[in-house]
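These protein sequences, in sequence, are chains A and B. Counting in the numbering used here, the first sequence runs from 1 upward without gaps. Counting in the numbering used here, the second sequence runs from 1 upward without gaps.
Some hints could be false.
[As the list claims (entries may be wrong)] Restraint-style ranges between C-beta atoms, simulated for each label pair:
id	chain 1	residue 1	chain 2	residue 2	range
1	A	Gln123	B	Arg433	39 to 47 Å
2	A	Gln123	B	Phe267	17 to 25 Å
3	A	Gly103	B	Gln338	29 to 37 Å
4	A	Gln123	B	Thr409	33 to 41 Å
[As the list claims (entries may be wrong)] Non-contacting residues of chain A with respect to chain B, defined by C-beta distances greater than 12 Å in every case (computed):
id	residue
5	His22
6	Leu54
7	Asp63
8	Arg93
Calculated from the structure, these hints are not laboratory results. Just so it is clear, the structure is predicted and the values come from calculations on it, not from any experiment. Heads up, the beta-carbon is just placed ideally off N, CA and C, and yes, glycines get one too.
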Amino acid sequence: MIEDDEGHARLIEKNLRRAGIHNEIVRLADGASAITFLFGSDGSGLVNKGRALLILLDLNLPDMSGVDILKRLKENEHLRVTPVVVLTTTDDRSEIQRCYDLGCNVYITKPVNYENFANAIQQLGLFVYVMQVPVTI
Amino acid sequence: MTPSTASRAARSQPILLALGFVILITISAVSIWLVTRVEFGAERVAHTLEVRNKLANLQLLLRRSESSQRGYLLTSDLGYLATYQDDMKAIAPALDELASTTSDNPRQNDFLAALQPTVNAKLDELRETVRLYQSGDAAGASALVGKSGLTLMQETSTVIGRMENEEQRLQSVRTAALANSSRWLLIVTFTGSILILVLAAISVLLLRHSLKEQQDANRMLEATNQNLETIVAKRTALLSEANEEIQRFAYIVSHDLRSPLVNIMGFASELDAWRKQIFERLAALRAQVGGEQDGESDEALRSDVEEALSFIKSSIAKMDRLIGALLKLSREGQREFQPQFIDMSQLLRSTLKAMAHQAQAVNAKINIGELPTITSDRLALEQVFSNLMDNAVKYLRAGVPGSIEVRATESDGAITYEVHDNGRGIDSKDRERIFDLFRRSGIQDRPGDGIGLAHARARALVRRLGGSINVESEPDLGTVFKVTLPKRWPLPASEMMT
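For reference, chain A alone in the conformation it holds in the complex (with noise of 0.2 Å):
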C-alpha cells in the first residue's frame, strides 16, 4: 500500500482486515521508498521476483505523482503483471482516463462519506479475498 496519509492508511488498512484479508500489508509513505521496495536497491524490480503482490497506489504522493509509479510498474518485465488499485481522492475524469491508459487494474475515488468509503474498502476487500493474483515472473 502506498499511501503517504497515515490516517487514510489506517482506514484502509481497518477495512481490508474487516473484510477479512489477512494478508501482509505493507505500507510506503513515499514515493521514494515505495520505488526501492517495489524495484530494489538495484531498481530492476528482480527483488519481487516470485511474490504475489497486490499494489494499493495512492496518486497524491509528497515526492512524486503515483502516475510515475504506475507507469514505471507496467513497463518493469517482472512487475507489470501486478494488479494495482488506484485508490485517490482524485475523481477528476482525464486521471482516471491516464491512469487506465498506463495499465491500471482498479480506478477507486475516496470518498468523504465514512460509510460509501468503507463499503468501498471493504467491497474491495471482499474482491481482492476472491480474485487470483499472479506471481510476479
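Starting from the structure of chain A, add chain B where the hints point.
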C-alpha cells in the same frame, strides 16, 4: 519643433492670410487712387499745353494781321488785304476759346481781362489805319501805325508772354506732380508685391512646419497605438495566466482539503462505532458492580457524545459539498468552449423538459418565446439557463401561481436573453451578492443541493463567453435576469483589440 511653437504656427495661419488680404486691398485702393491722380495730372498737363498752344496761336494771328496790314499799307497789294481780313476775323474766336479754356484759373482770368481791351484797341488801330489808307490818307495811316500800333502790339505781347509764363509754371508744377504720382504708384506696387511675397513665404514656411508637426503627431499616434496593442496583448496574456493560476489553485486546494476530510470523517465514524461499544461495556461493568444509580448520567454523556459526533459529521458533509462545488467550478473553467450554431428556443425547451415535474409541483407555468439564434458554446448556455430557470422555479412565492417567461432582444451584434419570473424577488442589497460563491439571499427554506453556486457559475460562464449577466428585481413582484451575449463567439481578433 515643440508643440507650443507648432500650435502657434497653426494659429498664425489665418492671421497671416487676413494680413495678406488687407495689404492686397490697401495696395489696390492706393494704386487706383494713384492711377486716377496720374490720369488727372496728365489731363492737367495736356490742358496747359492746349492753353499754351492757343496763346501761341493768338500771338501768331495778331502778328500776322499786323504784318499783312503793313504789307498792304506798303504795297497796296490786295492779297495782303485778304490775309489781313481773314486773320482779323479769326482773332475774336481765338480769344474766346482761350478765355473758355483758362476760365478755371483766376490769375489767367486777370491777365485775360487786361489782354482783352489791349487786343480790342490793337484791332481798332488796325481797322482805323486800313480805313484811313483806303480813304487815301496814307500819311495819317502811317502816323497811326507809328503812334499807337507799335505800343499796342508790345502791350499784347507782354500780356501774352505773362500768360505764357503762367502756363509754363503750371506745366512744370503739374509735370512734377504727375511724376510724383507715378513714382508713388511704382513704390506702392513694388512694396506691396514684396510684402505679399514675404507673407507668402512665411505662410509656406509655417505650413511646412505644421505639416511636419502633423506628420510627427501621426507617427507618435501610430507608435502609441502599436504600443497599446502590445500592452493589451500582454495584459490579456497575464489575465488568462492569472485565471489559469486560480483554476489550478482551486483544483489543488479542493483535492488537498478533501484528503484530511476523509480522515476526520473516517475516524469520527470509527469513534461513533467505538462509542457504542464503550457505553455497552460501561453498562455491562456497571451491572457487574451494581451501580445502577449512575445510569442516568451515563445516558446524558452518551447523548452529548452523540450530538458532538453528529455535528462533526454534518459539518464535514457540508464541507465536502463546498469542496465538490469548487472542484466543479474549476473544472468548468478549464473546459474548452466549442462554438456552434444554437437554436435558443429549442435549447431552452429541452432544458424545460428536464425540469417539467419540478415546475408542476409548484404550479408554475414556463413560457418560452421565439428567441434569436446564437453562435456560442451549447453546454455552457444550457448550464446558465437551466441554473437561472431552476432558481426561478425554486424561489416562487408560496400561494401564487408561478409564471416564468423567457424573452430576448437583439441589438448591434449582441443578444440579451431575459428570464422573467413573478417570484419573491431579491432585495436590492443582495443583488450583487447573489453572484458571489456560496451566498444566497432571502429566506432559506428550500432543501436540496443549493449552496449558492448557481449564479456564480452562471456569471463565470457568461463572462467567459464574452457577455454579462445582470439582475433587476422588485421584492415580492419578481426578478428579471438579463444575460447579454455576443451574437458570435469567439469574437474576431480585430474586434477583441478594440
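Practice task
Against the earlier hints, flag every one the structure doesn't satisfy and list their numbers going up.
Solution key: 4, 8
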